[in-house]
Structures are given as structure tokens and as C-alpha cells.
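For reference, the chains in residue letters:
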Amino acid sequence: MTIDREARKRLFETVARRVIASADELTDLDRAIGDGDHGANMKRGFEAVLAAVDELSAKNLGESLKGVGTTLVMRVGGASGPLYGTLFMSLGKSLADEPTREQAAEAFAAAIEAVKARGKSDVGQKTMLDVLTPVARVLREGGDDLTARLKATARAAAEKTIPMRAIRGRASFLGDRSIGHMDPGARSSALIVDAVAEFMEGLA
Amino acid sequence: MSENVGIVIVSHSADVARGTALMVEQMVGREVPLGWCGGDPGGGLGTSVEAIMKAIDQAWSEKGVAILVDLGGAETNSEMAIEMLPEDRRSRVVVCNAPVVEGAVMAATEAASGATLEAVRRTAEELTPV
Numbered sequence: 001m002t003i004d005r006e007a008r009k010r011l012f013e014t015v016a017r018r019v020i021a022s023a024d025e026l027t028d029l030d031r032a033i034g035d036g037d038h039g040a041n042m043k044r045g046f047e048a049v050l051a052a053v054d055e056l057s058a059k060n061l062g063e064s065l066k067g068v069g070t071t072l073v074m075r076v077g078g079a080s081g082p083l084y085g086t087l088f089m090s091l092g093k094s095l096a097d098e099p100t101r102e103q104a105a106e107a108f109a110a111a112i113e114a115v116k117a118r119g120k121s122d123v124g125q126k127t128m129l130d131v132l133t134p135v136a137r138v139l140r141e142g143g144d145d146l147t148a149r150l151k152a153t154a155r156a157a158a159e160k161t162i163p164m165r166a167i168r169g170r171a172s173f174l175g176d177r178s179i180g181h182m183d184p185g186a187r188s189s190a191l192i193v194d195a196v197a198e199f200m201e202g203l204a
Numbered sequence: 001m002s003e004n005v006g007i008v009i010v011s012h013s014a015d016v017a018r019g020t021a022l023m024v025e026q027m028v029g030r031e032v033p034l035g036w037c038g039g040d041p042g043g044g045l046g047t048s049v050e051a052i053m054k055a056i057d058q059a060w061s062e063k064g065v066a067i068l069v070d071l072g073g074a075e076t077n078s079e080m081a082i083e084m085l086p087e088d089r090r091s092r093v094v095v096c097n098a099p100v101v102e103g104a105v106m107a108a109t110e111a112a113s114g115a116t117l118e119a120v121r122r123t124a125e126e127l128t129p130v
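Line by line, the protein sequences give chains A and Y. Quick note: the first sequence uses the numbering used here, first residue 1, plus one each step. Quick note: the second sequence uses the numbering used here, first residue 1, plus one each step.
A couple of the hints might just be wrong.
[Unchecked claim] Using 20 Å as the maximum straight-line C-alpha spacing, the simulated SDA-like pairs for lysine to any residue come out as follows: (1) Lys66(A) with Pro86(Y); (2) Lys116(A) with Glu75(Y); (3) Lys54(Y) with Thr70(A); (4) Lys120(A) with Leu71(Y).
No lab work stands behind these hints, which were simulated from the structure alone. Only a predicted model underlies this, so the values are computations on that prediction, with no experimental measurement involved.
Throw the hints in and build the complete structure from the sequences for me.
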């Protein structure tokens with residue numbers, strides 16, 4: 001797939017608008033088990049992406065993604081800034097301008113490893129990794145109805161964090177009381193995956 | 001240029017960071033280069049990579065800088081800030097695994113004696129002088 005300047009702009013706008021529109025929902029989730037700032041933080045970061053979207057999307061895909069990552073690192077404020085920033089910056093490091101699905105899957109897997117290192121976390125700890133990892137698996141497998149399956153996987157994976165016990169992040173202070181709530185980072189990851197899948201549908 | 005290791009205090013709250021910095025200054029005066037920051041880029045509770053990078057610059061010493069943080073996001077953002085420093089500085093900045101107030105005071109006291117970065121970190125983490 002070719003991702004030209006217009007497509008890059010559309011990609012970043014689709015993701016940013018989805019996150020911004022869901023800020024209240026993310027804040028409500030974070031209020032239950034965290035410090036209640038996830039929505040506001042993500043909104044601030046992606047508003048900064050929107051404000052600079054022309055400049056960010058002017059460069060090739062790799063440099064554009066790195067630019068988005070740096071913007072998130074500088075503007076989000078919570079731990080999610082470095083975590084999402086690392087995800088985008090790592091994707092930028094390894095994605096070619098016209099990535100095949102296999103190349104995209106490889107870049108995504110590498111980016112997940114970078115997020116694990118940044119957050120000193122792994123799958124099963126009630127975090128964004130619990131959404132990103134199964135999504136990466138579906139992307140690697142490919143096949144029919146890929147975007148629909150990416151969306152469904154992301155949504156279901158976020159739901160699966162509800163019975164989990166948090167081990168990393170502020171929610172870990174709650175111990176067993178973190179059980180029964182969806183992880184806000186898993187939810188924001190699912191929203192971003194959903195927006196990217198929607199963008200991919202527009203390309204096809 | 002100070003001969004001593006610098007100390008940086010990173011809290012989610014500007015008030016906590018400033019209060020801790022005042023306690024450190026009371027202990028060691030101006031012998032230890034000190035930087036502090038608190039609050040997210042929008043002015044609320046949180047931390048900012050940009051502000052942390054500025055605080056590191058303010059506390060810069062050729063002997064290195066020890067950072068004390070409060071909660072998770074402060075640690076993650078501090079590690080990110082270190083990675084974004086010029087390459088020759090990165091290896092001379094460490095995040096201490098210690099409570100922010102007690103750790104900052106202990107680290108600064110150790111730094112004021114001319115100790116190395118590693119000794120300053122160890123003192124903060126053990127909360128007893130090396």
C-alpha cells in the first residue's frame with residue numbers, strides 16, 4: 001500500500017480525532033483504577049499532533065511517525081506519553097514508505113518490544129500490551145477481512161483486561177481492587193487500532 | 001561549574017518538587033547543583049519530559065546528575081528525558097530507586113561530600129550514608 005502525504009495526514013487525523021473524542025471515556029476508566037488523567041493527557045498529546053499535522057505528514061512515513069512519537073512524548077505528560085511515543089517512534093524507525101503487510105507486522109512487533117522495555121512490562125499485566133500483542137498476531141497472520149478482525153481483536157482484548165489484576169502503573173497500588181475495571185491504556189490502544197483499521201479500509 | 005554531582009527532583013506536583021528542593025537547599029546550601037520540576041505540560045498534576053530535560057540542564061555537573069522521582073509516570077518520563085539528552089551526557093544521568101523527599105536529601109548530602117554519581121545513587125537507594 002502506498003501511503004503518500006495526503007494519506008499520512010488522514011491517518012494521523014483519524015487517530016487523533018478518535019482519541020480526542022474518547023477523552024471523557026478514558027478519564028472515567030482511569031478514575032476507577034488510576035489517577036484519572038489518561039483522557040486529558042491523551043487529548044492534549046493528540047491535539048498537539050492535530051495542530052502540527054501538516055508539518056508532521058510532510059516527511060516520509062518513517063520520519064512522520066517519529067515526529068508524532070516525539071510530539072506525544074513532549075505533550076502527553078503521563079507515563080502514556082513515553083509509552084505511546086516509543087510505540088510511534090519505533091514504528092517510524094522500521095517502516096518503509098510503502099510497507100507490505102509483512103513489513104508492517106514486523107515493525108509493529110518490534111515497536112511492541114520497545115514499549116515493553118520502556119514500561120518494564122509484559123503481556124498479562126493489565127496494560128496496553130494486552131491489546132497490542134493480540135492485534136500484532138492478527139496482523140502477522142493476515143487473511144480475509146483483516147481490518148474487521150483487527151478491530152474485533154482490539155475491542156475483545158481490551159474487554160479481557162477487566163478481570164485482570166494490575167501489576168504495573170498506578171493501578172498496581174490497588175492490587176485486587178484493580179480487578180473488575182477495564183484498563184484505560186488497553187482501551188486507548190483499542191481506539192487507536194480501530195482508527196488505524198478504519199484508515200486502512202479507506203486505502204483499499 | 002560545580003565539583004559535585006547534581007540532583008534533580010521530579011514530582012507530579014510542582015509544590016512537592018519545590019518543597020523538596022527547599023529542604024535539600026537547607027541541608028546543603030548551594031554546594032550541590034539542583035534542578036526541580038513538577039506538573040504536566042498543561043499545568044496540572046503530572047510530569048513533563050521537556051521540563052525534566054530543562055531541570056537536568058540546570059543541575060548539570062560533569063560528575064553527573066542523580067534524579068529522584070515520585071510515582072511511575074515521573075520515572076518513565078525521566079528515563080525518556082535521559083534518552084533524549086545529547087549522547088555524551090546520557091550515561092552520566094541516573095534515576096534513583098528511592099522515595100523522593102528522603103532520597104533527595106540523602107543524595108544531596110552525599111553529593112555535597114564530593115562523592116561519585118554511583119555513591120550518590122547508592123546512598124539514596126539505601127537511605128544511609130555510604
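Hint check:
1. A hinted pair counts as satisfied when its Cα atoms are at most 20 Å apart, and Lys66(A) with Pro86(Y) qualifies at roughly 18 Å.
2. Taken as a hint, the Lys116(A) and Glu75(Y) pair is honoured in the structure, with Cα atoms around 15 Å apart against an allowance of 20 Å.
3. A C-alpha spacing of about 16 Å is found between Lys54(Y) and Thr70(A), which places the hinted pair at or below 20 Å, so the restraint holds.
4. For the hint linking Lys120(A) to Leu71(Y), the alpha-carbon distance of about 14 Å falls within 20 Å, and the restraint holds.
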